[in-house]
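S.K.: Spelled out from the first residue to the last, the chains are:
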Amino acid sequence: MISANVRFVGRFSLEFAQTVGRCCLMFWRTVWGKPHDKLFPLFIEQIFQLGILSLPIILTSGLFIGMVLSLQGYYVLVDYAAEESLGSMVALSLLRELGPVVGALLFAGRAGSALTAEIGLMQSTEQLASMEMMAVSPLKRVIAPRFFAGIVTLPMLTLFFNVIAIWGGYLIGVSWKGVDGGAYWSVMQGSVEYMPDVFNGVIKSVVFAVLITWVALYNGYYVVPNAQGISKSTTQTVVVSSLLVLGMDFILTVFMFGT
Amino acid sequence: MSQKKVELWVGTFVIAAMLSLAILAFSVAGLSLRGEGSSYTLYASFSNVGGLKVRSPVKLGGVVVGRVEDISLDLQSYTPIVQLAMFEKRGFYPETSSLAILTSGLLGEQYIGIQPGFIDDDIEMLGDGDSIEDTKSALVLEDLIGQFIYSINKEK
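Heads up: the protein sequence lines correspond to chains A and B, in order.
Residues 1 to 259 in this note's numbering are what the first sequence lists, from first letter to last.
Residues 1001 to 1156 in this note's numbering are what the second sequence lists, from first letter to last.
These aren't lab readings, by the way, just hints derived from the structure by calculation.
Fair warning: there could be bad hints in the mix.
[To be verified] Using 25 Å as the maximum straight-line C-alpha spacing, the simulated BS3-like pairs for lysine-lysine come out as follows:
id : chain 1 : residue 1 : chain 2 : residue 2
1  : B       : 1089      : B       : 1059
2  : A       : 38        : B       : 1005
3  : B       : 1136      : B       : 1059
4  : B       : 1053      : B       : 1154
5  : B       : 1089      : B       : 1053
6  : B       : 1004      : A       : 38
[Said to hold, decoys possible] Under 7 Å between C-beta atoms, here's a sample of chain A residues computed to sit facing chain B:
id : residue
7  : 47
8  : 156
9  : 198
[Unchecked claim] Cβ pair distances, simulated, as ranges:
id : chain 1 : residue 1 : chain 2 : residue 2 : range
10 : A       : 11        : B       : 1051      : 41 to 49 Å
11 : B       : 1091      : A       : 251       : 45 to 53 Å
12 : B       : 1070      : A       : 59        : 39 to 47 Å
13 : A       : 71        : B       : 1120      : 57 to 65 Å
14 : B       : 1127      : A       : 243       : 53 to 61 Å
15 : B       : 1014      : A       : 253       : 25 to 33 Å
16 : B       : 1079      : A       : 60        : 54 to 62 Å
17 : B       : 1154      : A       : 253       : 48 to 56 Å
18 : A       : 186       : B       : 1154      : 41 to 49 Å
Bear in mind that the values here come from a model prediction, so they are computed numbers and not experimental data.
Glycine included, C-beta positions come from ideal geometry on N, C-alpha and C.
This is chain A alone, in the form it adopts within the complex (with noise of 0.2 Å):
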């Protein structure tokens, strides 16, 4: 009985320890090297597929964000007469918090599960295995492009979504709320500084970045070859990345605005 227990923390220890290797191995063998000879034109296809096709629902929900948060705001500063302070409320929260980790959370349940289905897809038709055959790396032709291709999109879809956002905010503030349009804008400018609050998020969204698609490329690789392991591993991917997204917001944040 004490045994059996023993034994299953063993080998969940040993099985994730398993796990980590293969995945910095895999990391490794990715960016190390040369890279393929058609990687750039590759790169900017993962960029069409990853980052504009991600584009309606990262504008979409940006701007119901934002109209949100500026409501929810102002119920709360007009109490205090203090609903001139709305805009640095609305652009704090969006550039520190909200953008980057919303964000990521949307692009891994847009383009992270697609990048584990597809990739899953080609390892269980054994397309990747042929390439290999065909002494065309995998690592360098299929993952590479993608992982590149998915650290560059997610800031740049942060920063769009970060805009829309803070229009949509001015949007219920002073178009419906008729706070005064200049305070929103004056009082933002004042409170929001570039390298701390704008600078940091983009940071924050690169570490996502980088989490989200290696994940995703990770279990897509590592896929049980049917039709059951793609959706498990396409489920592990949203699910594995959203926490790891959450959790490292956590710690980016105790160091870049904790002390």
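Following the hints, complete the assembly by docking chain B onto the known chain A.
M.R.: This is chain B only, laid out in the frame that chain A set:
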């Protein structure tokens, strides 16, 4: 989709991302391309700096004319020394000027208010590295309440 079309879309995407970064930098964070220009250093010692922070503004009649560069302690007199970076484009002040640590609004941030003094033939302008002698410390609410209670007790 053809390679040309993909490249066109991606190019638009990247340019739009650069534009949003520019909007966030200039319109939301209020970054100015010219920066704050060159500045000269002034020193002032206060008996209490309160909640003054590095990068707090120095204001003359509400206009920002400088920033707090550094706050340190003079170990000989045990008084805080504040180092100020004054913007050259906002001009120079006579040595009779005085500084006071003020609070914007009831609960706002603390800043340094500068009051320019009179200018006469034998009064020189403050230059780089000079110090301002006439300073007024931050208002500490506890001290104020203490004095108030003391004065009530004396009246009885």
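S.K.: Against this structure, judge whether each hint is valid.
M.R.: Taking the hints in turn, this is what the structure says about them:
1. For the hint linking residue 1089 of chain B to residue 1059 of chain B, the alpha-carbon distance of about 14 Å falls within 25 Å, and the restraint holds.
2. Taking the CA atoms of residue 38 of chain A and residue 1005 of chain B, the gap is near 18 Å; set against the 25 Å cutoff, the hint holds.
3. Taking the CA atoms of residue 1136 of chain B and residue 1059 of chain B, the gap is about 14 Å. The hint holds against a cut of 25 Å.
4. Our distance criterion of 25 Å between C-alpha atoms is broken by residue 1053 of chain B and residue 1154 of chain B, whose separation comes to about 37 Å.
5. Our distance criterion of 25 Å between C-alpha atoms is met by residue 1089 of chain B and residue 1053 of chain B, whose separation comes to about 23 Å.
6. Distance check on the hinted pair: residue 1004 of chain B and residue 38 of chain A sit about 15 Å apart at the alpha-carbon level, within 25 Å; holds.
7. The criterion of a C-beta within 7 Å of any C-beta in chain B is met by residue 47 of chain A, whose closest approach is roughly 5 Å, and the hint holds.
8. Interface hint status for residue 156 of chain A: upheld, as the beta-carbon distance to the closest one in chain B is roughly 4 Å, under 7 Å.
9. Because the smallest distance between the Cβ of residue 198 of chain A and any Cβ of chain B comes to about 5 Å, under 7 Å, the interface hint for this residue holds.
10. Between residue 11 of chain A and residue 1051 of chain B the C-beta distance comes to about 57 Å, which lies outside the given range of 41 to 49 Å.
11. Distance hint for residue 1091 of chain B and residue 251 of chain A: a CB-CB separation of about 47 Å, consistent with the stated range 45 to 53 Å.
12. Roughly 44 Å separates the CB atoms of residue 1070 of chain B and residue 59 of chain A, a value that falls within the hinted 39 to 47 Å.
13. Take residue 71 of chain A and residue 1120 of chain B: their Cβ atoms lie about 59 Å apart, and the range 57 to 65 Å holds.
14. Between residue 1127 of chain B and residue 243 of chain A the CB atoms are about 59 Å apart, so this pair conforms to the stated range of 53 to 61 Å.
15. The hinted range of 25 to 33 Å is satisfied by residue 1014 of chain B and residue 253 of chain A, whose Cβ atoms lie roughly 28 Å apart.
16. Range check, residue 1079 of chain B to residue 60 of chain A: Cβ separation about 58 Å, and the 54 to 62 Å hint holds.
17. Here the CB-CB span from residue 1154 of chain B to residue 253 of chain A is close to 52 Å, well matched to the stated 48 to 56 Å.
18. With their beta carbons about 47 Å apart, residue 186 of chain A and residue 1154 of chain B fall inside the hinted range of 41 to 49 Å.
The earlier numbered hints that this structure contradicts are 4 and 10.
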